[in-house]
Every structure is written in structure tokens, then in C-alpha cells.
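Student: Using the hints, position chain B against chain A.
2 protein chains.
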Amino acid sequence: MPHRELSTGLFADLYEITMAQAYRQSGTTAEATFSLFFRSYPPDRAYFVYAGLEDVLEYLEHFCFSEADIDYLRSTGQFAEDFVDFLGDLRFTGSVRAMQEGTLFFINEPVIEVTAPIIEAQFVETFLVNRINLQTILATKASRVVHAARGKTVVDFAARRTHGIEAANALARASYMVGFAGTSNVLAGGMSGIPTFGTMAHSFVTSFEHEEEAFRAYADSFPDASTFLVDTYDSIEGARRAAKVAKEMLQKGHRLRAIRLDSGDLGELAREARRVLDEEGMDYVHIFASGGLDEFEVDSLLRGGAPIDGFGVGTRVGVSADAPWTDCAYKLVEYDGRPVLKLSPDKQTLPGPKQVYRLRDSEGFFLRDVIACTSEAGPYADATPLLEYVMRRGKRIAAGPPLAALREHFDTQFRGLSSDHKRLRAPSHYDVDISEELTRLQARVVGELRARGDVF
Amino acid sequence: MPHRELSTGLFADLYEITMAQAYRQSGTTAEATFSLFFRSYPPDRAYFVYAGLEDVLEYLEHFCFSEADIDYLRSTGQFAEDFVDFLGDLRFTGSVRAMQEGTLFFINEPVIEVTAPIIEAQFVETFLVNRINLQTILATKASRVVHAARGKTVVDFAARRTHGIEAANALARASYMVGFAGTSNVLAGGMSGIPTFGTMAHSFVTSFEHEEEAFRAYADSFPDASTFLVDTYDSIEGARRAAKVAKEMLQKGHRLRAIRLDSGDLGELAREARRVLDEEGMDYVHIFASGGLDEFEVDSLLRGGAPIDGFGVGTRVGVSADAPWTDCAYKLVEYDGRPVLKLSPDKQTLPGPKQVYRLRDSEGFFLRDVIACTSEAGPYADATPLLEYVMRRGKRIAAGPPLAALREHFDTQFRGLSSDHKRLRAPSHYDVDISEELTRLQARVVGELRARGDVF
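Listed in order, the protein sequences are those of chains A and B. Note that numbering that gives the first Met the number 0 numbers the first sequence so that position 236 is 235, with each residue one more than the last. Note that numbering that gives the first Met the number 0 numbers the second sequence so that position 393 is 392, with each residue one more than the last.
Only chain A is shown next, with the shape it has when bound in the complex:
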């Protein structure tokens, strides 16, 4: 029977709940630390942009089950009665150390570490991985488009193609953080305080008997904020008609902002349309391009000298089409003061709570990172520690920085990374070292597992 009124408190894999019962019934309830990190780079990536922390902290601070959630869990008959009661009172009481959103990071580096009684720290796994994975994927993809656009305007047009509204809103925020000018998504614009952009659809043009009429109707409604979509029938003829209507607008004291090309050979059409507009003395009318664009297309158009002033990027960016997933993991690294790891093939983890240090040269360029134990600040006194306390005893230490500050933080970070690591194809990998102490700790834990026969 469907229970439609459940809360996101229940967004967990079933095993989080069954393990919680088993932890509780076996008395395995000591404090644990979990690390969230990315195991490998997707194709053509050599960095990630960290995003999702704000949502995670909001979730942890308000973590609880609703009465409907508890009723549902009870109705399944899968759990012990006293355990379900226990869940009713469960809150997140732990601490969180994390990087700031907008920080660039690299494989194996923990971006967030959660320390709490193991039931709590384990329970939040699914939510944390989901949010950080998604928002990091989107922020990383969007940062590549900004890089490819060489300072030209980029706008998020992906609302219809993202995997849900939640993903659309996450994309709008993440892409603005990494330098997009704004989004077409009105809900996200309002929710995150991001500029919104819009032009017109082909259906607007086809609903009028003549293309010119459509342009005039739009210009009448938005005399100083019009972009005409010119490719409904024929892009260059559309550009001519746009110029004609723009002249009429000019006589009334208004300037057409831009035309939009949305199909065909965008580079060639942009050149022709530019000529058409310039011949009419309309060098002030911008050319905006959209339609199947991603960082590779934007790069190729601009390399080819296409006179395009702005790009609307949708589908391929909205789903990070060439890298829609990552190998992001949330692993137990310490239980009751005992460092732990797993040894599954290709999935070995680094034990214990950690810090990530970033070493820079005198001009601020990143030299290398070191993943270290939290106890060994000494050797890295000149480096920047990237993980900071953001939550203690279940409460945020401070409100998250405004999006504008994260945008600035990202920008500074991105300038610090050498362009070799930002190449769109086959970028070179940045150096991430494991500290000596952490290397020794890992060897010690593996040795102990061997000694008691858990590894062969």
C-alpha cells in the first residue's frame, strides 16, 4: 500500500536501518568516523569541484523521522518494536569536518568526515553520498564549460533534461557557483537568488502566422529585454526579420538584445547572422547560441572564431552526459578509536580520520596535496588544511557562506590550478601524496588483519 506522506528522513537504503538494529542489539554503539571520498576520475577529468555541503548540513541538523515514517516502519513487520521506538527519538548528535563548497579536490581526498555514534553516522550514508555525488558531478561539469567559454556568458538551460526538479535546482546553484551568468530555471533562480535568463520557444514563433509578428509581439511585451529565436524556419532569414523588427524597436527607442541560434552549423550561421546584423548597423545585437552544447562544442566554436557572445547549455551539461556518475564512497575509517579499512579488490580504503593539506607556491598556485592523519599537522605548517569543523554535537557552527562568496572562493581556487589539469581532454593528474604517518598506519592495520587471519 502506498504511503505518500513519508519524509526524507526515510531516504535511506534498507540496510542502513537493518544494520542500525543489529548495531543496537549487539551493543555496537560506540563512536565512529566515516570518510566520504571519490575513488577515481571520470573520463577527461583530473579535478572535482566540491558541492552539496549546504544541503547535507541542513539535513543533519534536522534529521528525524516523522510519525508517518515510524508508522510505516512498524507496518513492515521487519523490525523489533523497541528498535522502532528508538528510531522515533533518533537525532544526529555528531560532528562534521568538511571542505568548503567550491573547493577543488582530487581522488582519495576526504571531502567530509562524520564522527558520531555509529548508528547515526552510518544511517546518513545514502543521503550524504547522493547529495555530494550529484552536486559535485554537476559543479565539475559546469566548471569545464566556464573554462571552455573563455569569459563569454554561459547560462544554464537544462531544467527540462536534468534528472528531476531537485537536480535542476542543484545544477542552477552549482553552475552559478562556478561562474555561469545564471539559469533559465525560475524556481532555482528564486530559491538561490540567481539571475534568470529566457528567450522564446519555437512554439511561440509557430503560434503566430508569421515569424515577424511573433518577434513584434514579444518586443511589445519586453521592449528592452528581447532575444529573438531565429531558427524556426530558416536561421538567416530569421536573422533578417529580427533586424527588421529591431529597426522598428530602435525607432521607438529600444534595442534588441540578441538573437538566438538553436540548430544547424552554429559557427557558420553565427558568422552569417553577424554579417546580416552588422550590415544593418546592429553591432549591438548579440548572438546567443544553444542546442546540444557542452564544453567540447563551446571550445570548438570559439577556437573556430565563431562570433558568439553567449551560450545556453542544456542537456549534456544537465546530466553531465560524458560522466553522469562517480565512484564516490562513504567508508568507516575508525570505530571506537580503532582505525579500520576494507581490502576488497581495487577498493582498499585509508584508515583513520584525516586532514588534507594543500601546498602552494609563492604565487598561490597549487603544488600538491597531502592526505595525512589528523594528528600530524606539524610537517605541513605552511600548507592550508582543507577540512574544517562545520558541525559539532549536531549543530552547525555557523550559517553557510552566501552563494556569492562560494562563487568567489571557487574562482580563486580555479585560478590556482595549473591549466594542465584543466584540459578538456586527457588532463594530467595533480599530485596527491599520502603522508608517511598515514602510510605507516595503513600498513599497521593491514598487518593486524593478516595476523588474525582476516586477510590471506
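Hints listed in this document are in silico derivations from the structure and should not be mistaken for laboratory results. Hints are not guaranteed to be accurate.
Stated by the list, open to error - Pairs of lysine to aspartate or glutamate, EDC-like flavour, derived with a Cα cap of 16 Å:
#1 A/421 with A/435
#2 B/243 with B/211
#3 B/346 with A/264
#4 B/346 with A/233
#5 A/246 with A/298
#6 B/243 with B/279
#7 A/346 with B/264
#8 B/421 with B/410
#9 B/421 with B/43
As the list claims (entries may be wrong) - What follows is a set of in silico ranges between Cβ atoms, one per label pair, in the way DEER data are often shown:
#10 A/395 with B/403: 39 to 45 Å
#11 A/449 with B/249: 29 to 35 Å
#12 A/295 with B/396: 43 to 49 Å
#13 B/403 with A/150: 52 to 58 Å
#14 A/283 with B/81: 26 to 32 Å
#15 A/271 with B/358: 44 to 50 Å
#16 B/247 with A/449: 23 to 29 Å
What the hints assert, rightly or not - On the chain A side, residues computed to face chain B include the following (Cβ under 8 Å):
#17 12
#18 24
#19 114
#20 125
#21 159
#22 184
#23 192
#24 196
#25 200
#26 217
#27 340
#28 419
All figures in this text were calculated on a predicted structure; none of them were measured in a lab. Think of the CB as a built atom: it goes at the ideal place given N, C-alpha and C, for glycine as much as any other residue.
Tutor: Below, chain B without anything else, positioned relative to chain A:
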């Protein structure tokens, strides 16, 4: 400034709102019909499974803006005051014809047609495309896994890797509709009435000093519903320990359900683990496999004879990794009784409201589909029309069928499609014809556009 309290009524591309104002101010307010269809197949696809209608009808029936939405729109200063007032009263008053969820469909076939005053019909574009695109992508991907699994159990394990919670819940529902046994996602399980499945995480195992202790603790808590994850240190040694604990369970009258393999060469490990279990007389313990699985991996494991009883599929299915997007479009096909189309390169549309007829042979196998005008039922009297009225004057005609009925509907549909079109690689395309009348109509509309100079 962020406005966090906005409603999904505002989930629209800005141009939906600016066009609405221009439509209204220019008196372009007659009835329009929009068609939603998919222009092309993603790689290795030759059919789609339609999903998302339930959400769409729910949205249309309750379509409105909250006070906060209206305040936000007013605060942007982009819109005319009387237009913002008008939006405050806007509801969806139109009619909807659609296929039933779970129906197989093919490129260019409208899956939903919306007829309403153009402002309403245009406004809902972003939401409709987003929901139907996403859910159709996920249902289609999941159906391929069910096909590859040849009747073995398949469970959705993707909650942490989908693009958001909304996508996770959509996946759980869509994958159950096409034959998955259930999901690990508790929220989705509760919301849609789907069976939930869970095992244990590596962190559960590593939180105990010895692997066996972890197994025992879990079995104590779930004596008749335990699946042991055996690959934390060494899969085969883990299987031996699982067998040891399973013997202890048996002495207390309980049976271990399964072991789970999650890394390494799953086929080889399954064979070895099967031997280990069988030698201990535990042929009743199932082997469950997970870790990077999709339809291709499942197919290859079963072709290789791997003794695997069930599959947990996550990441690659959760984001439809090989086809995370489609070329799905929502286009105006008729305005004020006048059939319309667009001619952009490679994006030409079919004019007018349509019906899709499915022709079958005497055994119920699909022969071919015909896309026709709504007016020409005559020639297809023996065929099944796939689009039916589901909403009139803004109200649903009936509640949506329960998920179990959609699951059955899908199953019947899937059996009707020849296996050539279901091949995992390079499937052959199914015949979709355009009716003579629709062909004539398209030629006529193009001719009229040419005659008045809109096309060259």
C-alpha cells in the same frame, strides 16, 4: 536574495513566463495543442517504456502559484503588474490525451498531447518534459536489465547514485513497473508500496573486530532475513565464514538467505562460493551479486553460466549511464485550429493533434505502428489506439491505475515486442509509419509556409 519557500509551480524556464506575458498582451490566447514525443533513439535502444504520467496529471490538476511565488515574480520587476495578478489566478483547464504508463513506444510517436489555452499549455512544458523524459529513461534502462536477467531477481540499489532523491524514488517506481523485485530505497518503498531489500555494508563488517562477529550480530537481529556481505577482506574466505555462521543459525532453526559478492570477478567468485556453500550442504543459501552491474554485465555473467540467483543494480542503471538523456520534445502542433510545425534542420515536426495505432498479429505480437491524424480512425479499426483521454477541463477522468496493474500492462506489452527490437546491442528498429492523411497534412502546411515566404 534567496526565497526558499517557493513552490514547484515556479518550476519553469523563464521563457514560459515571458512568452505567457507576450501571448496575453498580444491577444494570442486561443486554444493550442502540444505534442510530447522523442525524436531519436539513444545508443542501443529501439524502444522506450513510457513513464511519468501519474506525476504529470497530479501536477496539472493542482497547478497554481503560491503567494510566495507571486511575490517573488513581482519582486523581479521583469513583468507587468496586471500580468502577475493574472498568474495568481492561473489554473490548468485543458484536456490531456496520453498513453498508459508502461506502454512501449517508438520515436516520433506522441506519448501525451495537451490541449488548452496556449498560455496554460505552453507553461507546463518544462515540468512535463522533465518528468516524462526522466522516468521514461529510467523505465527503459531498467527494462533492459530485466530482459538480460532472464527471470532472475533484480533489485534497485541505486539510491545513492541517482541524480537526487526525486530521481531515486522515480527509479524505484519505474524499475518495479518493468519487473524489478524491489528496491533498497526505503522512502520509495513506502511511498509507492514496493518491496524493500537490504543486506549489510562493508562498514558493518569493519566495525566488528572479526568478520564472523559481524555476521553473528546481524543473524541475531534478523535470524530469518540475513544476507552476509562476504567481500570486505576476501570473498571466498568470507563465504567460508558465512557458511560457518549459517551452520550455527541452522542449529537454532534458522536459514541464512544469501551471501553477497560485491567486487572482483563475480562469475568466478560465484562459482567458487557456490562450491564452498554446497560442500557444507547449503544449497539453500543464494548468491547475490552487486557492484558496477548493468544489463551488459548481467547478460555476460548469465551467459557465462555464473550461479548467481539475484542482482543488485546501482549506479549505471540509476543514471542510465550509457543513455542519460533523450531528445524529447514538446512542440506546438495546432494553434486556434490551424496545424503548425517547425522546420529547423533535423528537427522538423508533424503538424496537428494525432493518434498512434498499434497493429498486431493474431498472437498479439506487434506488427507496426501508424502515427495518424485524430480524424482518421477508419483505416485502423482493427488496431489499438494508444492515446486516450485522461484529463478534461483540468480534472482527471479517473485515478491512475495501481502500480501492480502498470507492471502487468508492461509485462504484456514487452512480451508483444519481437526480441530483435530488444537486443542489448544494435537492436533493429520497429516500423512506425506516418498515415497518408498526416503525410498530406504535413506537405500542405510546408507548402503554405513556402507560399508566404517563411521557408526557402
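Student: Each hint should be assessed against the structure and marked as holding or not.
Tutor: Going through the hints against the structure:
1. A/421 with A/435: 29 Å, violated
2. B/243 with B/211: 8 Å, holds
3. B/346 with A/264: 14 Å, holds
4. B/346 with A/233: Satisfied, since the Cα-Cα distance of roughly 12 Å is no more than 16 Å.
5. A/246 with A/298: 33 Å, violated
6. B/243 with B/279: It holds: about 9 Å lies between the C-alpha atoms, which stays within 16 Å.
7. A/346 with B/264: 14 Å, holds
8. B/421 with B/410: 13 Å, holds
9. B/421 with B/43: 9 Å, holds
10. A/395 with B/403: 39 to 45 Å: Taking Cβ atoms as reference, residue 395 of chain A and residue 403 of chain B lie about 44 Å apart, which means the hint holds.
11. A/449 with B/249: 29 to 35 Å: 30 Å, holds
12. A/295 with B/396: 43 to 49 Å: 46 Å, holds
13. B/403 with A/150: 52 to 58 Å: Holds, at about 55 Å.
14. A/283 with B/81: 26 to 32 Å: 31 Å, holds
15. A/271 with B/358: 44 to 50 Å: For residue 358 of chain B against residue 271 of chain A, whose Cβ atoms are near 46 Å apart, the range 44 to 50 Å holds.
16. B/247 with A/449: 23 to 29 Å: For residue 247 of chain B and residue 449 of chain A the Cβ distance comes to about 25 Å; the hint holds.
17. 12: Because about 4 Å separates residue 12 of chain A from the closest Cβ in chain B, which is inside the 8 Å limit, the hint holds.
18. 24: Check passed: Cβ of residue 24 of chain A comes within 5 Å of chain B, closer than 8 Å.
19. 114: Violated: closest Cβ of chain B sits about 13 Å from residue 114 of chain A, beyond 8 Å.
20. 125: 5 Å, holds
21. 159: This hint holds: residue 159 of chain A lies near chain B, its Cβ roughly 4 Å from the closest one there, short of 8 Å.
22. 184: 7 Å, holds
23. 192: 4 Å, holds
24. 196: 6 Å, holds
25. 200: 6 Å, holds
26. 217: 5 Å, holds
27. 340: Holds, because the Cβ-Cβ distance from residue 340 of chain A to chain B comes to roughly 7 Å (cut-off 8 Å).
28. 419: At 28 Å from the nearest chain B Cβ, residue 419 of chain A fails the 8 Å test, so the hint is violated.
Hint check: violations occur at hints 1, 5, 19, 28; the rest are consistent with the structure.
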